[in-house]
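Working from the sequences, and respecting the hints, build out all of it.
There are 2 protein chains.
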Amino acid sequence: MERPRIRDYFQQDLSQNETITPKQRAILQASLDLFAEKGFDQTSTSDIAQRAGAAEGTVYRRYKTKAALRDAILAPIAAHIVPILASDFSEDELRQRYPSLQAFVTAIFTDRVAFAKANVKELKVIFEMAAFDTERREQILSQIAPKMVKQMGSVINQLKADHLIVDWPNDLILQSLLSQLFGYLARLILELPGTEIEREQAYLITVMTKILTPGEHDQITGQ
Amino acid sequence: MERPRIRDYFQQDLSQNETITPKQRAILQASLDLFAEKGFDQTSTSDIAQRAGAAEGTVYRRYKTKAALRDAILAPIAAHIVPILASDFSEDELRQRYPSLQAFVTAIFTDRVAFAKANVKELKVIFEMAAFDTERREQILSQIAPKMVKQMGSVINQLKADHLIVDWPNDLILQSLLSQLFGYLARLILELPGTEIEREQAYLITVMTKILTPGEHDQITGQ
DNA sequence: TCTCAAAGTGAGTGTATACTCACTCACTTA
DNA sequence: TAAGTGAGTGAGTATACACTCACTTTGAGA
Chain P
71 MERPRIRDYF
81 QQDLSQNETI
91 TPKQRAILQA
101 SLDLFAEKGF
111 DQTSTSDIAQ
121 RAGAAEGTVY
131 RRYKTKAALR
141 DAILAPIAAH
151 IVPILASDFS
161 EDELRQRYPS
171 LQAFVTAIFT
181 DRVAFAKANV
191 KELKVIFEMA
201 AFDTERREQI
211 LSQIAPKMVK
221 QMGSVINQLK
231 ADHLIVDWPN
241 DLILQSLLSQ
251 LFGYLARLIL
261 ELPGTEIERE
271 QAYLITVMTK
281 ILTPGEHDQI
291 TGQ
Chain F
71 MERPRIRDYF
81 QQDLSQNETI
91 TPKQRAILQA
101 SLDLFAEKGF
111 DQTSTSDIAQ
121 RAGAAEGTVY
131 RRYKTKAALR
141 DAILAPIAAH
151 IVPILASDFS
161 EDELRQRYPS
171 LQAFVTAIFT
181 DRVAFAKANV
191 KELKVIFEMA
201 AFDTERREQI
211 LSQIAPKMVK
221 QMGSVINQLK
231 ADHLIVDWPN
241 DLILQSLLSQ
251 LFGYLARLIL
261 ELPGTEIERE
271 QAYLITVMTK
281 ILTPGEHDQI
291 TGQ
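Each protein sequence line maps, in turn, to chains P and F. Quick note: the first sequence uses my numbering, first residue 71, plus one each step. Quick note: the second sequence uses my numbering, first residue 71, plus one each step.
The hints are simulated quantities; they were obtained by calculation from the structure and are not laboratory data. Check each hint, because a few of them may be wrong.
Within a straight-line C-alpha distance of at most 25 Å, the following computed DSS-like cross-link-like pairs (lysine-lysine) qualify [unchecked claim]: (1) F:Lys108 - P:Lys136; (2) P:Lys108 - F:Lys191; (3) F:Lys194 - P:Lys191.
Partner residues are not named here, just some residues of chain P that face chain F (Cβ under 7 Å, in silico) [claimed, not checked]: (4) Gly109; (5) Asp111; (6) Phe202; (7) Ser246; (8) Gln250; (9) Gly253; (10) Tyr273; (11) Ile281.
All C-beta atoms in this analysis are idealised placements derived from N, C-alpha and C, irrespective of residue type, glycine included.
And the structure:
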């Protein structure tokens, strides 16, 4: 495995923002926690102040509005976390040819799942935003989607050329893989009764491999 | 196809509630639309009154609180729509043995997808609730999940006995199928750039069939 | 020890909005 | 036609909450 610890990006980014005081850090943390627990609208600024052990005025010292506070939380997610989850590959990885399909699937998804697990709260907040802020959703998607299609696309094309995977349109392939990934993440985020997570993860990889394996049933029906 | 028009349940249920006046119906419809467009918290009762062409007082004549209004919308969804989507089969269908895997998958999902399409707004509202109302989510799930596991389980067991599908644990099979279904629904609900929906639907069935088809790669790895 | 700037404070303010209530009006029944 | 009923109304109320500002505390540098 040996891949860089992706989870650090977030911490990094938060502390890079000039010098952030302990109080302000507490406010960010409390906001993130409360937004994830109750949702943005259900969280009042006085809730935040209370949880952070600060006065309400302190919340407004750095962030002019409640929305700006939310944005300060979402910014590093949009800037680092989402691209990582959605598309970024190291150059090494892109150039590498995968010996087997299973190797590819394992390489791509293992660290992403681990990363998502480490950032459940952030994902919850960003999903809430994505659900009703149409404009912002489209903005983020328009940045992510083409990159993802392009980067994943080149790997997929390689695998296709090596006859390691099924010959379907790339967007359809991506859709079914992402569905599996998000189905799994949904269980994490919503804390659904998730028997043994380890077993699910192994299964996830098996299913994805199976979807991609070339075979006789690959013709798309009903066309 | 020839299956009963499931989408009528909702209309039915709404009008069954004693005698509902046109104004009250307009208020329910406006609420549903606005909740789906902007979310529950972003919608004020005066918004609703305005959209419905009624006075704000009229909103409160039948529904004592804004939350009660939301519940009046969610109740029929929880009572009919979600069970239909999630589990209910006609007795006929349960007794029937499916000649092929593809026939099974097609039968199960075609009408569900059609049904979901016809109820996008309702699904959006119920998903919003499910995201942050932990208690209610668990309540609904505890009603639905066992029924689904039991009903789908018996069909799955039959198919297993006939060696038509892979021999995985039922919950894992359900999870991967539902992931595909919800991945598809998410595109509908969020109105993501969805090239041609017809193609996607045919693909959905193909992928599900492929996941279920028995084969050599079926051993779950990393166990 | 004093000074100054920045961080922190919390009582106070304006506004949005959930909800109420005294009233009107359309309609039915006697 | 008179009385009664209940749906509909919208100005009014109480409250919660985002945001402000005059003031206090902290701590680094002289």
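Hint by hint, which ones does this structure get wrong, listed from lowest number up? Nothing - there is no hint that the structure violates, so all of them hold.
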